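A.B. asks: Below, each chain spelled out in residue letters.
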Amino acid sequence: MNQFITAVLTSLSSGAIYALMSISLVLVWRSTRVVNFAQAGQAVLTTFIGYEVTVRSGSYWIGLIAAVISGALVGAIIDRFFMRPIFKRVKSGPIVMIAPVVATLGLLGLIQAIIGFIWGFTYVSIEAPVSTDGYNLFGTVVAFSPFNLMVLVAATIAMLLLTLLFQKTNIGLALRASAFSPEIARLSGIKVDAVRTLGWAIAGAAGGLAGMLYVPGSYLHPNAMDVLLVFGFIAAVIGGLDSLFGAVAGAMILGFAINFATSYISYKLVFITAFALLITVLLVKPNGIFSSSKGRKD
Amino acid sequence: MKNTSVRKRGLIFIAIGWALLLIGDRVDELALSQGALVATYALAIASIILLTGYSGQLSLGHSALMAVGAYAAALSTNNLGLSPAIALVVAAFVAGLFGLILGFGVARLSGPYLAGTTLALAVSLPTIANQFAILGGEQGVAFDIGLPPARFGEEFSQYKWFFWICALAALLMIWLISNILASRYGRIFRALRDNPVAASLSGINVGRLKVVAFSLSAGVAGLAGGLLVMLISGVSPSAFPLSLSFSLLTGAVVTGVYNLKGVMLGGLILVAIPEIAESVVSRIGGSEGFTVALPGFLVSALLILAVVFTPNGPGHLLHKKKH
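Chains as they are written, first to last, in my numbering: chain A, -12 to 285; chain B, 64 to 386.
Calculated from the structure, these hints are not laboratory results. A few of these clues could be false.
What the hints assert, rightly or not - Taking lysine-lysine and the DSBU-like style, the derived pairs with C-alpha atoms no more than 35 Å apart in a straight line are:
(1) B:324 x B:223
(2) A:75 x B:223
(3) A:272 x A:255
(4) A:155 x A:178
(5) A:78 x B:324
(6) B:223 x B:71
Stated by the list, open to error - Here are some of the chain A residues that sit facing chain B, going by a computed Cβ distance under 10 Å:
(7) 24
(8) 76
(9) 88
(10) 93
(11) 98
(12) 100
(13) 102
(14) 145
(15) 213
(16) 223
(17) 257
(18) 259
(19) 262
(20) 265
(21) 270
This structure is a prediction, so every number in the text was calculated from the model and none was measured. All C-beta atoms in this analysis are idealised placements derived from N, C-alpha and C, irrespective of residue type, glycine included.
In isolation and in its complexed conformation, chain A is listed as follows:
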């Protein structure tokens, strides 16, 4: 029973982190039709900024705010001064389909190298603001700590805020309209380019938050988020790649699958489970489980 409860709770808290990463990929995909592979680099960069601020100020919370704000800034800057010129420049030729994706890959390498220049390749960690010792449940210590609970709460709050933004505000309406049909949105007077930059900023902020929630349980390193990027991508594919709800649901499915496989069968199964889930979804339902749009497969 304890094992089951622990598995459920850890699934929820790791699923919450995957969900943030997945949301940041989906937000960019919806507005730009590019899977932003540089998101792993952006998240590490902003988490390093959060780390610096945490170390200098002595408070994790100030570091968290710094990471989220710098994540938004980095995302906006990348869209405005990197992606937009590339879309303008590369308009014809056989590479036009892949140029933006290749550009995000180049950016990923560039950001990771710059992080290496500044912070080196040693593993650093951020002290968690609350205890990382497991709770005592019915007399035994389980692998779910107050910090895991905090991750779950923080991610839930972030998702609620995002839902409010998307469903209840004019900005959210503009974001949804631009993602749904850029031409019609433009005709209705929405500044689609600016809205797209905003989407990148929100995605960057979500990535920064994911990084700050991920690192206290792990280590910070230029390549620390590669795995998170992969899990975020898998979650997004499960959810159908363009649905925010799907991204969260996919992340939870992935979190549960990984944690149950590792806790009941073998700790070795993390990547194999994730990979098997990805292939199964692509074989059975390539449009994703929660996607509303059709005709992706051709």
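Given the coordinates of chain A, work out where chain B should sit on it, guided by the hints.
C.D. replies: Coordinates of chain B only, in the frame set by chain A:
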């Protein structure tokens, strides 16, 4: 008409091979080992060009496909006692089969699925390799092809043997690929890339042909992986980092992603970048992080510059200037 072009291509490749043979006799050991590496990278880049330039799909995990071939080569030599030459063929076939299975799930879909799935494969490969005893964990598996045959004489060095094998394999495979691309299949691949809808209206089974392209590309990558671990005499997860996939993609984009003629240049660039980085570090010094990160920085910067300024390759740029 077609036969003459095939014959012409064959003669060109024989001429290149002859030139390489003469060059190989006249340069020192270091140049030979670097030459072998250039040939291996050129072959790996050719596999990317086959996939990306001709069927329009993007793979971020060619390092993982190379690793599949490399492990297949090493394990079949060590455990089944196959001769190294056959082991390299096995490497190509195992990787091709792996590509076929993976491709059946993913490569037939359009969109970012192949890119993301191959990325997932490349990221998870080191962990998976560490968890299975047969793959030898962090140390990996030794792959020793032995000394060069005695009939070449005492003077014939190991590096020269490596260079011969890599250059010959690369030339043969690239010759084969260029013939495939000049054939009916090449036209079909180009049609897939340029206009999938029109291709499917012309009766081409788009999904199946995409899987074929991915599988072919995986087989070529597997052979390149086998050659690569032959040069470092052992296969381990650290020989195939994610950055290798990015480097190969850079090599392909820099030489023009649908230009098979440029692969040698791409291989040269990939071998030159670490050397350039080393000489920069030895001249201006710098921290450990700077030293480690500089090659990656140069590769990524080159990739971005290539995408922004010559997205269709340097050949295309020259072509445009003429008009």
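A.B. asks: Can residue 262 of chain A be said to touch chain B, with a Cβ gap under 10 Å?
C.D. replies: holds (6 Å)
A.B. asks: At a threshold of 10 Å, is the proposed contact between residue 145 of chain A and chain B supported by beta-carbon distances?
C.D. replies: Violated: closest Cβ of chain B sits about 24 Å from residue 145 of chain A, beyond 10 Å.
A.B. asks: Was the hint right that residue 259 of chain A lines chain B, CB cutoff 10 Å?
C.D. replies: Result: holds, 7 Å to nearest chain B Cβ.
A.B. asks: Classify the hint on residue 24 of chain A as holds or violated, based on whether any CB of chain B lies nearer than 10 Å to its CB.
C.D. replies: holds (7 Å)
A.B. asks: Keeping to a limit of 35 Å between CA atoms, is the pair of residue 324 of chain B and residue 223 of chain B held or broken?
C.D. replies: Within the cut-off at roughly 24 Å; holds.
A.B. asks: If you draw a straight line from the CA of residue 272 of chain A to the CA of residue 255 of chain A, is it 35 Å or shorter?
C.D. replies: holds (27 Å)
A.B. asks: Hold the hint about residue 88 of chain A up to the distance rule: shortest CB distance to chain B must be less than 10 Å.
C.D. replies: holds (6 Å)
A.B. asks: Against chain B, is residue 100 of chain A within 10 Å by beta-carbon distance?
C.D. replies: holds (4 Å)
A.B. asks: Does the closest beta carbon of chain B sit nearer than 10 Å to the beta carbon of residue 102 of chain A?
C.D. replies: holds (8 Å)
A.B. asks: Was the hint right that residue 265 of chain A lines chain B, CB cutoff 10 Å?
C.D. replies: Result: holds, 6 Å to nearest chain B Cβ.
A.B. asks: Once the shortest beta carbon distance from residue 223 of chain A to chain B is found, is it less than 10 Å?
C.D. replies: holds (8 Å)
A.B. asks: Double-check residue 270 of chain A for me: the hint is only fine if its C-beta lies closer than 10 Å to a C-beta in chain B.
C.D. replies: holds (5 Å)
Going through the hint list in order, the structure does not satisfy hints 2 and 14.
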